[in-house]
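Start from chain A and add chain B according to the hints.
Each chain, letter by letter, is given below.
2 protein chains.
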Amino acid sequence: MADGKQSSGNNPPAKLVIQQCLSARLQVQPPSDDVEAEYVEIERGVVLYVCFLKGADQDIHVVEKMAKFALNIRLSEALTDSKLVSILDLPGDVLIVPQATLGGKAKGKMMQYHANIPKDTGRELYQKFVELCRDTLASNARTSEANCKVRSGTYGNRQVLSLVTNGPFTHTMEF
Amino acid sequence: MADGKQSSGNNPPAKLVIQQCLSARLQVQPPSDDVEAEYVEIERGVVLYVCFLKGADQDIHVVEKMAKFALNIRLSEALTDSKLVSILDLPGDVLIVPQATLGGKAKGKMMQYHANIPKDTGRELYQKFVELCRDTLASNARTSEANCKVRSGTYGNRQVLSLVTNGPFTHTMEF
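Quick mapping for you: the protein sequence lines, in order, are chains A and B.
Going by full-length UniProt numbering, the first sequence wraps up at 175, each residue one higher than the last.
Going by full-length UniProt numbering, the second sequence wraps up at 175, each residue one higher than the last.
Treat the hints as calculated values from the structure; they're not laboratory data.
Computed from a prediction, not measured in an experiment: that's the story for all the values here.
Do not rely on the hints blindly, as some may be mistaken.
Copies of one chain are not kept apart here, so a pair can be met inside one copy or by any two copies together.
Cross-link-like lysine-lysine pairs, in silico, DSS-like; alpha carbons within 30 Å at most [said to hold, decoys possible]: (1) 109 x 68; (2) 149 x 109; (3) 105 x 65; (4) 83 x 119; (5) 68 x 107; (6) 65 x 128; (7) 54 x 65; (8) 54 x 109; (9) 54 x 105; (10) 107 x 83; (11) 107 x 54.
Here chain A stands alone, though its shape is the one from the complex (with noise of 0.2 Å):
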């Protein structure tokens, strides 16, 4: 079969794959014999699926432009018109979503994962990204004003994921 190219071939140090919704919802912890499963959800904001590879960690600077560029990048509908604003201005909420999945290459009919990063590596960056953005919706004056929230999900877990969208305008990002 075809195989299909994977993105470019300098390794960058991490992918980012936004899908704008109007609401979602993950599992962040699984059912168990004694207890429910536990979700967070959002209401209208962005879904970001976040991706680190080998290399991650020796660019102190690849977690902030991530986090930076996601949440100011203009890709969100105003409410009062089609105007395109930033999550932060919208002002809407942030699901983080690990996505371990976002480093495969295809190899014949078989995805491989040999260029992610080592997961307690990965852990940490993530945890990184997760509060970068939650002190920056914290300290922006729109999105604390409207109570905008940052959710995320666990790092290593199956991601149970529903996502109800006006248009998911996906967009795939390297850095």
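Only chain B this time, still in chain A's reference frame:
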């Protein structure tokens, strides 16, 4: 602000994002004064977001390569065990969403879509992609016996999408 880099520099003619789903619903006709909105739905399967860029019409194989890849890559969890199988082997449904935003490149705080193919040419390639997927599922023993569906969005329309997943397992590919 920091610019997000966009994939490879040598302008791939087509982009694909794959997400696994338990069910998905796409509005194919917006509501008007006279009629209600129309939707297409799938059950367990994959959502394929596709985007054609300039030059995609110069390579007669790009649509075939992308369809063959999307239907044969082993990304779906088998129903009987945790083995990964193709959507044809699952067997499962396919929802194809035209997603021109995948062609976006960041310039400052805005995304630009200069690399996207002209709309009429893009629509032709999109329809060819949908037909290829339909033909493949219809001629495959497992998907045809299980009455698996190919559903697709309307090229150029807003994509009002709802998605329920057990892990979207997002993969991004270029062709």
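Regarding residue 149 and residue 109, is the shortest C-alpha distance of 30 Å or less found within a copy, between copies, in both, or in neither?
between (39 Å within a copy, 22 Å between copies)
Taking 30 Å as the upper bound on the Cα-Cα distance, should residue 68 and residue 107 be classified as within, between, both, or neither?
between (33 Å within a copy, 14 Å between copies)
With identical chains, the pair residue 65 and residue 128 could be close in the same copy or across copies; at 30 Å between alpha carbons, which is it: within, between, both, or neither?
within (12 Å within a copy, 39 Å between copies)
Could you figure out if residue 105 and residue 65 sit no more than 30 Å apart (CA to CA) within one copy, between two copies, both or neither?
For residue 105 and residue 65, both the intra-copy (24 Å) and inter-copy (16 Å) Cα distances are at most 30 Å.
When no copy is specified for residue 54 and residue 105, does a C-alpha distance of 30 Å or less occur within a copy, between copies, both, or neither?
Cα proximity of residue 54 and residue 105: in one copy and across copies (14 Å, 24 Å).
Can you tell me if residue 109 and residue 68 fall within 30 Å by alpha carbon in one copy, between copies, both or neither?
between (36 Å within a copy, 10 Å between copies)
Using 30 Å as the alpha carbon limit, work out where residue 83 and residue 119 are close: within a copy, between copies, both or neither.
Between copies only: 22 Å across, 40 Å inside.
At most 30 Å between alpha carbons: which applies to residue 54 and residue 109, within, between, both or neither?
Both. Shortest intra-copy (23 Å) and inter-copy (27 Å) distances satisfy the 30 Å Cα cut-off.
Between copies, within a copy, both or neither: which fits residue 107 and residue 54 at Cα up to 30 Å?
Intra 19 Å, inter 26 Å, cutoff 30 Å: intra and inter.
Status of residue 83 relative to residue 107 across identical chains (alpha carbons, at most 30 Å)
Answer is between; shortest inter-copy Cα gap is 17 Å, intra-copy 42 Å.
Intra- versus inter-subunit Cα pairing at 30 Å for residue 54 with residue 65:
Classified as both; 17 Å inside a copy, 29 Å across copies.
The earlier numbered hints are all upheld by this structure, with none contradicted.
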